Structures are given as structure tokens and as C-alpha cells.
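Chemist: Chain by chain, the residues:
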Amino acid sequence: MNPAILIIMALAGAVATGVGPSRWAKWTAFLSTMAIFAVSVVFAVQFPEWRTGKYWPSVDDGSAMKAFGINLQMGGDSVNMLLLLLTTFMMPLTIAGSFSAITERVREYYGWFMLLEASILLAFLSQNLITFYVGYEFTLVPMFFLISIWGGQERRTAAIKFFLFTFLGSIFTLAAGIYVASRAADATGAWDFSIAALTKFGSEQLSEREQFWVFLGLMAGFAVKTPTFPVHTWLPWAHDQAPTGGSVVLAAVLLKLGTYGVYRIALPMAPAGGVATATFFGVLGILAIVVTAMICWVQTDVKKLIAYSSVSHMGFVIMGLFAFNPIGMQGAVMYMVSHGLSTGALFLCIGMMYERFHTKDMEQMSGLARHMPVWGCFMVLFTLASLGLPGLNGFVGEFLCLMGTFVAEHDQPAGYPGVMGPWFAVVAAVGLILGAMYLLIMIGKVVWGPLKVPGASADPHEHAHGDQGHGALSRDLNFREVAILLPIAAACLVTGLYPRMMLDVTEPSVREALISYPERVNQFNAEHGKVNSSAKAKVAAITTTSTEAAR
Amino acid sequence: MMLPSLMLALNDAAAGHGSLADAVIPKAVAAPELRWAGWILLLPAISAVLCTLLAVLRTKSKLPALVTVLSLGTCFAMVLKLYLSRGPDAGPVVVHLWDWMNFSWGGGPWKSFQADISLYIDSLTMLWMLFVTGLGTLIAVYASEYMEGERGAGYCRFFFGVSIFLLAMSALVMADNLLLLYLGWEGVGLASYLLIGFYYQKPAAVAAGKKAFIMNRIGDLGLAIGIWLIWVNYGSIEFNTLFQAFGDAARGVGGWDRSLIPFCLMLGAFGKSAQLPLFTWLPDAMEGPTPVSALIHAATMVTAGVYLIARMQPLFTLHPDAMATVAWVGALTALLSATIGMAQYDIKRVFAYSTVSQLGYMFMGLGVGTAFGAAYHVFTHAFFKALLFLTAGAVMHGFAGQLDLRRLSGLRKVPGFAIVSWTMLVGCLWLSAFPYTAGFFSKDLILVQAMSQPRFQVLGWIGLITAAMTAYYTFRVWFRVCAGPVSYVPGEDAHAHDDHGDHGHDDHGHGAKAHDAHAGEFHPHAPRFAINGVLLLICLGAILAGIPGIQALRGQHNWVQEMVYHSSAVRASGVDHVTTPVAFGLDPHGVVSVFGISAAIGGILIALWLHLLDRRMADRIRTALLSNGLTRWLPTSMENKWYFDEIYHALFRLPMWITSHLLHFFDRHFIDGLLVNGIGRVPVMVGRLFQPLYNGALQGYATSMAGGLILVLAWVAWRWLGAGGVS
Amino acid sequence: MMHLLADAAPAMAPTQGVTIALVLSAALFTVGLIGFLVRRNMILMFLCTELMLQAAGIAFIAFGRMRMDTSGQVFVIFILTVAAAEAALALGLVVLLYRRRETLSAEAWQELHEQ
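If you read the sequences in order, they're chains A, B and C. Our numbering puts the first residue of the first sequence at 1, with every later residue one more than the last. Our numbering puts the first residue of the second sequence at 1, with every later residue one more than the last. Our numbering puts the first residue of the third sequence at 1, with every later residue one more than the last.
Pulled out of the complex, with its shape left as it was, chain A reads as follows (with noise of 0.2 Å):
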């Protein structure tokens, strides 16, 4: 079976969903986005060799459509079946989180959300440059709409931002990627856009200078996509305009399009570029931490400061890309993985206090534990989710991400030597100290004090007898919404106890991502003046040491 299906099967959805009548939208979505799920879980059942790095199904089956080298194989490894999983499983919680919010253009909303799906999943299970790129900008189209259709008041500005700026940066992406392609048909004779023949290509053909520039274009889009630091702006501006719905999105899945971008086709396509920049992106990924989350700090805006959380959190998973050892790496994996669970769930806990309060400002609600404790639960629950609690997701990638740029030294021990080094990690790792500060003053402004609930009589007595004004929505969350919720937070638990099943998996993955690093870095330290004696006595130092362990 080839995994297009589900693309296939979201377009019909998309079809489905914008012919049929109105008030069968949301729950076609919804059906079609639960049988895409399903089929995701069956692919990831059936088809075990994503487990062991391999690509799924196999590169050369042959039976793929192929013209100047673009061809619509479909596959991927365990990184792509992960992020595959988290698309799906997110999408239909999604779209129920969107039930009660939209009521108006209630087709169109639905459609150009099972657009949105189609085009993830084409960049995730691509296994070409080009559909890649078709899938990844493409996402560009529905967010844009979904923002300045259904979004808060100052929609256009955000809408426009947000597609401009994401496409500025990917045009950069697609001239690098058929740069590399050119000089491998220059090279070969024939184009071929897989991205396995160009990271072949690129790794091992092109000088360090055009690697250098390849990696800089490349990153150009996926740095502004992440986001990472200096070219973050649109990303406060999107989340907060957007509904419920495409913020969960954004967050959970979107910007994973960009580290994904990172991963499989930046960093193994261009080494040499990578160790070059690691660096730079090394101190990127420590402004984004540690500023965005002093920014974090002085928001008055429960969304936006999610939004800056964003931005500080996928800095740990530049740090963690840059690493360029199997720790950082994984942890970066797996921080793409819970970054999208529990940000995404702290968007749906936000949108859903936004339909009760029609309000998103912090000053203007507090205590709300008392009038919503089911709420308040997972509010926390996410939160602790988010900061970093070890037994919960956040903990395993963010932990992994930081010791993996700490030990990323040039005379590191683990065989993967690395260009950041220690004080790296402990200048990020203020971040942990930050994280916990803003988000739990988020969490003692709204869900904890004395209980002021937005728009409500200042009389909190009166409050208490009913729910003026919310609609139908019943004062704490109903059972839709905790169904929506209590999925996510099985989630987070399960990959915060047992991440090894993430790990195991991504693991061969991630040795494949390295393979050319460990050289490449050893000659660029070299360049630099970096292998100093002290790495050889401790290296010696450390095998006598394992020996003797041994004996």
C-alpha cells in the first residue's frame, strides 16, 4: 500500500467536506480525519521497517510517476512516521476542538483544514525535494486563510506577515535545493530531485564553500519556519490572530515542518555547511531561549506568551540539532515530538477559555480553578508538560537537547565530536530556570488566586449561580472537551515514562542523519586550532578507565 493514500484520502475529505451540506462539515472532517489517523496506525503496524531507519516502503519500487526527476515516491523513516502520528492524532482533536468556536463559513473552515492535512502530510512522507517543497509552502495557503478568514482583529496584518515572511525564507530553501540538484545532474547526467541521491550528492560532492552556502540558503527557510530567533516575529503575530484551531496547528505540527526541514535535508546535505554555521545556530538557539522566554515573561497575553514559549522551546531543539551527536539529535526528535503535544494542548486548554471569556488578557481573569477546575487540571497538567517536568514529554527532549550540546566538545569521548561544548548548554540551560518562571506566573495569574472571572459582575457571588452570556458552553469544560484534552495528556504521560519506544526507533534514524558529521567536525576543529593535548590524555585516561570497567 502506498502511504499517498492519506494524502489522498485528505483531499477527499477536503472535497467531501466542502460539497456536502453545512452542518455535516465539521463532522466529516472530523470522520475523515479519524480514519486518516487510523490508517496512519495501521501503516506504522504493518509496515515495520520504518522501526529499524529504513525507508518505507522501499526507495526503488519502481511503480512511481517520475519526470525530470521528480517523482511522487511516498515513505519515510522512523522520523517521518513519528511526525506522521502526530499529525494525524492531533488533526481530528483539532478540528473537535473547533466544533463550538466556528460558526460561520463552517464548510470552507473545515475544507481548508483537510487541505492543510494533505499538504503536512505530502511534506512528511515525501521522499522528493520537490513535492517536498510543494507540500511544505503549500501549507502556506490554507494557514493564510484559516488566519484571515477566522482570525481575531488584526487578522490581515497577521495573515500577510505570516505568508510573506515563511515565503521569503523558502524561496531561499528551493533555489539552495535546486542549486544541489543542478550540480548533481551536471555531475550524473540526469536530474533527480530525491532527496536520498541529493544528500548523497551534496554530502560527499560539493566543496565546503558551496556547502557552505547551500546550508545557509536551506536554512533560510526551515530557520524562519522553526522559528528561531532574529526571524520569529510572525510567529507571535500568526498565533495570536489565528483561531483555535490553526494555532493548535501551527504549533503542534507546523513547526515541525521546519526543524524536520533541518533534519533530514540541511544537515545531511550539506556537513560541511552545518559545521560551519553550528556556532551561530548554536548562539541563535540560546537568544531564542533565553530572550524569548524573558519576552515570555513580560506578556500580558496568555496566547502570545505560549507563542514566545514556542520560540524559546524550539531553541532548545536547534541546540539539540547542532549537537551533531546521537544525544542532542534524539533529544531533538523527540522534543519536536512532545513540543507538539503539549504546546498544542495548551492552545486547545487557551481557546477553549477564550470561547467562555471572549478575552485572552491575563490582568482581566485570575482564580479560575474555582469556576473551571477540570480546566484548571489540565492547564497545569500541560504547563508542567511544557516547563520541562521530568516523567512528562517536555523533560526527555529538553534534557536530552541540552546534555547533547554539552557534550557536543571537540574532544568529546562518544565518538561524536562536536563545535558548542559545554558553556553552550549551561548558558541555555538558564532557560530551564526561565521557563519554569514564566510559565508558572501564567499559571498564578489565571488558574491559581482569587477567583475574577473576565466579563463577569466583580461579584464573584453572583458568577457562581450561572453563565451569562457563553452560549451553550457549560461553565467547566464538557465532555467533548475533555475527551479533546484527555488523549493529549495520555500522550504526554506515556512519552514521558516510556520515551525508550521513541528512542529505540529513532535511533537508527539518527545515526544515518550523522553519518558524515564526526569526520567533518574533526577536520574543522583541526582548521581552528581545537584538538589539543588534554583530549588525548583524557582520551587515554578514559580507555583505561573502561577496561578496567570491563574487567
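Bear in mind the hints are in silico, worked out from the structure with no lab data behind them. Predicted model only: the values in this text are computed from it and were never measured. Incorrect hints may have been included.
Said to hold, decoys possible - Covered stretches of chain B, as calculated for chain A (at least 3 residues, CB under 8 Å):
#1 215-225
#2 654-663
#3 671-677
Glycine included, C-beta positions come from ideal geometry on N, C-alpha and C.
Could you slot chains B and C onto chain A? The hints should help.
Modeler: Frame of chain A; chains B and C shown alone:
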């Protein structure tokens, strides 16, 4: 004279283990047959889940307390069984439960990362687990009565927090690797956060919880960096592997980063155990319900820092500077918080500062090289401090939240408060190290060890001064509150209902009584069976905790010593144990104990004079100090905890807050406003140049297209000609 | 493929006649372009665009011939098809526009431009 002989006996016992001290820690063996010990972790988890379910079912009964007490009691029974089945001198075992963060890229040290949920059980683990689960159970019983006013969601939430705490604490103590310890470490921080902020409608409680979590996070950062450094240097974070590696490392090379490890771990320990740079959260943590203060913020969680250093002793002994730092920080914290404790009026705050102070003693003990003394002090302190907090809780429970020691007097004569008063007396005697109490034995062990090493003698003196202060402020509380003529003013909670009508969650559940206070006279709410019973049991425990001291007095090996000497903490004792035969021309042990006894009794006598016999004298002294410009700083800074909070605010929080606003401004107006929007305007500006062409006439557009085409063609032609025509 | 073509026209070199075809193409294109720029009648303007399109088509065939590759011709077939569809659409639009303003001058619609 008996005292010198006691100390000599202790010293002999330590010397007798001198050979053990040099020995490497035995390699742990895998013990799959002990997998049932995993239930010690699982039961509190189950109880937490059940509490959540009960909250969902909106139960109003005491069922959550029952569930929690049952599960914690079972845990205690299992720990006891484990202890009995192992015997005191069994070697360490590792019980693998399930895989957690675990992957490898080659296998072996540095080529894999292994952090499983496995238990490392040695005697140090058992020592901690015994009092953690035992006291946990008792305090849960106490809380079942104490928290009864919260029945409903709050009751479930409370016992959920207690269960989570026990789960995390067990994970911390039984962890077989540093990462699982870190999980427990942050987990107890979470439980502490949730329980301090239990009365979440009180802004002070919310702020205190937040402060505790963030301060702990600062420490956790140190712990995390320590873990990374350990992995970089030793290639593993599992205790079993590490302890073997430390033995080799002692003889191997050491880089600069290796010597940093103990300092990083220390930072974590200081955060969790409220030591000097990071101690300000603990007094604020008293906003939580009193059973929480007793369990988490006095008896168990705050000793996690001591546990960490005791557990990693082999590493610390490799770095004498680190040991000295631990000792100095401990001693200074002890002194500083004792001075603050002397000037507080809130009973719980006095006890909170005494906790910080006693923790300082423990760190001093670790630093000067008596892990036995430190662990023994942890053990005795757990009992008497829990007792003190629980009696304070009973007073608070009975007098509508009144905790001001100036407004309570003569409680021992108030009906129903006899047990509370007398058990509080026991706690006070133990805390002030009255001769032949458990507190005396444990504190003296630490002081003697300090005094017997010339470089730590200063610390010994600091410890002695602190001991006198401790005795003074402890009995200041007892003489004020329990002795003297009967008089009391009920606390604010008596009329809290009307002020904040909607709260519903009044703090201590005596709704009917409190309303009576309005109608007429206030009736203290005497504690009932659960509270009194638990107080008596813990009192008994505190008394029994002195047995090891008495055993040592008789020259026998006592079990606390055995427990310490058969664990990784063994490395501490003996290695640094330099016995100076003489100090001040005399046997140091005798001298120290005489000094210690005089300090304790002197402090008690001063308290007796100032706070029972002539109570106005204390106020007069204070007024005199305040009225003199030269001495005014002393009482004011003691009462204001030496302005630590203010200093931290000015040094860290305020600059950060300003920077954050500046960064926010920079982000919005420079990056987004100037750069991003600026670049966005460039195409618009360029477009303006050509505006006249685009007036709507189609030919205008076509002309520009043609012009573009001609430009391109011209460029191509130019390049072609430049390249020499035909290529 | 190549040898098949070679069999069909053995005497003809691939580049033969290409120059003439290219000159024709350039001339057609120039005529179309100038016509488009100077005329105001929408139908004539449309016809001029068609001229330019066909000029491109001739160039395609010429180059395809030069490289002995059929894809040039394939493209032209595509272009013709698209041009047919486009012509239908464009003429339809022109008719609609004519009905609105009763004139075929493009200047009648000058106010459509963006501000």
C-alpha cells in the same frame, strides 16, 4: 564523668570502621527477585490516581485519606520487610523495573545513555525510606483530621499531592541513576509547589509555591549540569558504575571540569535543602497546610540535599575544597537562620527557620566528614521537627489559624491541649539538644567532628553559638505558648468567612466554631484522636531515635552507624577523620559536650527568664535596641530576615524585569517593526518609482514587460559578446 | 529516437534551416509585440498575443529540431491546446467587456488599475 567516655566510644566506633572507609564500595548485584519493591513506587501512584478519580466522582467522604494512608502504610510495611529481609550489612542491590531514557550508539561508557527506572537499594536508601514512608503514613493520618474542613475536591487534591510527593521522594531515594534521582528531585518540587499553593485563592500561598519551585529550579540547574559533567567525565550516570569509576578516578587524571562536579551537585542540594544562597523559599513555604510543612518542609523533602551529598560522598571526598564549602555554607546558614528565627513571631516561621538552621548543621556534618552524624541528625530531626510542626498545626487548627506567639499563652492548661503542649515540649527539648535527647547525640557528633579538626574549629564554634540560639528561640516559643497564664486571641480565620464569603475553603475547617466566635465567645477546637494519636506516636519515635546514641554510649555499634557505613556514604567517614588528641590542652570530645550542654541549658534559661518569668523584659530589650540608632539595625534586620528577599529582588528580579521589558520593546519595535516591516516596505517603495507606467492602460504594462525583456536580452548579448562571441 | 529520425531524413543535418525558423520566430514575435503596444482594439491586441505565442512555438520546434529531440514538438502541441482554450476564454471575455461599454477600446477599462 560519663560524657567523655560517650564521645570516645563514638570515636572508637568510627575508628573501628576505618578500614571499611578505605574500602571500595561493593559492586551492586542485580536482584530481580526484589522486583516487588517496585510497588513502593507504584502504590503512591495508584493512590494519586484514585484520589483523582474520587475528585471526579465528587466524593465528600474521607475516602481519599483512607486510600492514601492505606497505600503509604503498605509502602512502609514493604520497606520494613525489605529492610528486615536484607539485614543491616547487606551489600547494595539493583532492581530493574523498566526502561526509561535509554539508548546506545555502540554500548559501554560514553557510547550509550542509560537512565532506567531501577532501584539502587543499599543501607542509606533503607535509612531514608524507613523514615520517609513511616512519617509519611503518620502525617497522612494526622492530615485526615486536620484537613477535614476541606472535604470534597480540596481533600482529594491534598491527598493527591501527598501521594505524588511520596512517589517522587521514593524515586529520589531509591533511584539507581542520577536522572531518576532528578525525576524524584523535580517531582518532590512539584508536590511541594502544589501543596504550598494548596490554598490557591490566597495570593501569598500562590507566590510562595512559585518561589519554592523557581528557587528549586535554580538548584536543579546545578544538578543537571552536574549530571552532564559526570557523564562527560565518567561515561555513565548509574550509581553502580559510577562508584566503581570514582575509585579509579581517584588515581587517574582530573580535569578542571571534574573538580566542578561536586560544586554543581552542591548547588542542587542547597536549593532543595534551603541553604544559604537559596534558602528564602522555605520560610515562605509555610503558607501550605501544616501537615505539608511537617512532612515536606521539615522532615523529608528538605533532607534530599543531604541525601544527595551523602549518596555522592565518594565524589565529594575526592575534592576537599568541595567538602569545606559544604561545611562552611552549612555553618553559616545555621547561624544566619538561627538569628532570624530568634526574631520571628509566627510559630511556624520560627520552626521553619530552625529547620533551615538544622539543615545547616547536617551540611556542616557532611562537610567536616561525619556522614554518620549528618544522617543521624537527619533521622532525629525528622521526628522532632515533624512533631513540632504537627503540634503547631494542632494549635493553628484549634485557634482559628492563630500562630502569633504573642497572642497565645498557657495552652497546657486549655482543655484538650495537654497532649499537644507536652509533646511540643518534647520536640523543643530535642531541638534544643537537651542532654541525653536524640537531638543532643546527633548534634554533638557533628560538633565534635568539627572541633577535632583544626581547620574546622571555627565551624565548631559557630555551631555552638547556633546551638545556644536554637535553645533560646525554641523555648521562647514553648514558654510563650504553652506555659504562663491562659490567654488567647483566635486567629483571622474565625471571621474569614464573612470577609471572603465565597472562599468556602476556609483554611482549617471549623466552620461552626468560627461562627460562634462572632455570636459570643471563642472556643478552641481541641484536637481529636487522629491528631493526638499521631503526636504521641511521633513523640515515641523521637524518644526511640535516641537509642542509637545510647548504644554508642555503651560502645556498641548502633544501627544508624551501620546503615551509613554500609553505603556509599562510607567514603565520607574516616577519610577526613583527623583526630586531634588535644584541643585547648584537653580532650576535645569532653570539652565540646560540656560546651554543648551549657549552650543548650543557657539558651533555655534565657528563654525562661525573658519569655516566662518576665515577659515584658523581652519587649523592653527590643525597644531599647530599636531606640538606639547604633543598634537599630540588629532587630530590624533579624525580623526582616536580613533583607534577603529585598536584596534578591534588587539584584536579580528587578534587572531581569527591566531587561525583559527592554527586550520586548526591542523585539516589537526593532526586529519586527524596523527590520521585518522595513524589508516588507522595500518592494512597495520600489513599486512607487514605476507607478506612472501603471495607469490602467494595458499598453503601459506591456511596455514595461517589453522593456524588461529588452534589458534581459541586452544583458545576454553583452555577456555573449564579452565571452568572445561563440562559446 | 535519434536514429529513427536520422533514418527518415538521412540527408538533412540537424541545424539545417534552424536559423531561418528562428528568424521567422523573431519576426513574428516583434510584429506581435509592436502590434500589442500600438493598437487599442482588444481583439487585435489579443491576436497580437497569439502571434507572440506562435513565435515561441516555432522557436520550440526549431530548437527541438536542432537537438534532435521531440519534446519541443510535444510542447508546441501543449501550447496549441492551451492557446485554443485561452482563445475561447479571452474572446468570451472580450464579448462581455464589449457588452458593458459598447466599445472594444482597451482604454475604456483604464480605471481597473490599482491605486
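Chemist: For every hint, state whether the structure bears it out.
Modeler: Hint check results:
{"no.": "1", "hint": "215-225", "in the structure": "holds (count 6)"}
{"no.": "2", "hint": "654-663", "in the structure": "holds (count 6)"}
{"no.": "3", "hint": "671-677", "in the structure": "holds (count 4)"}
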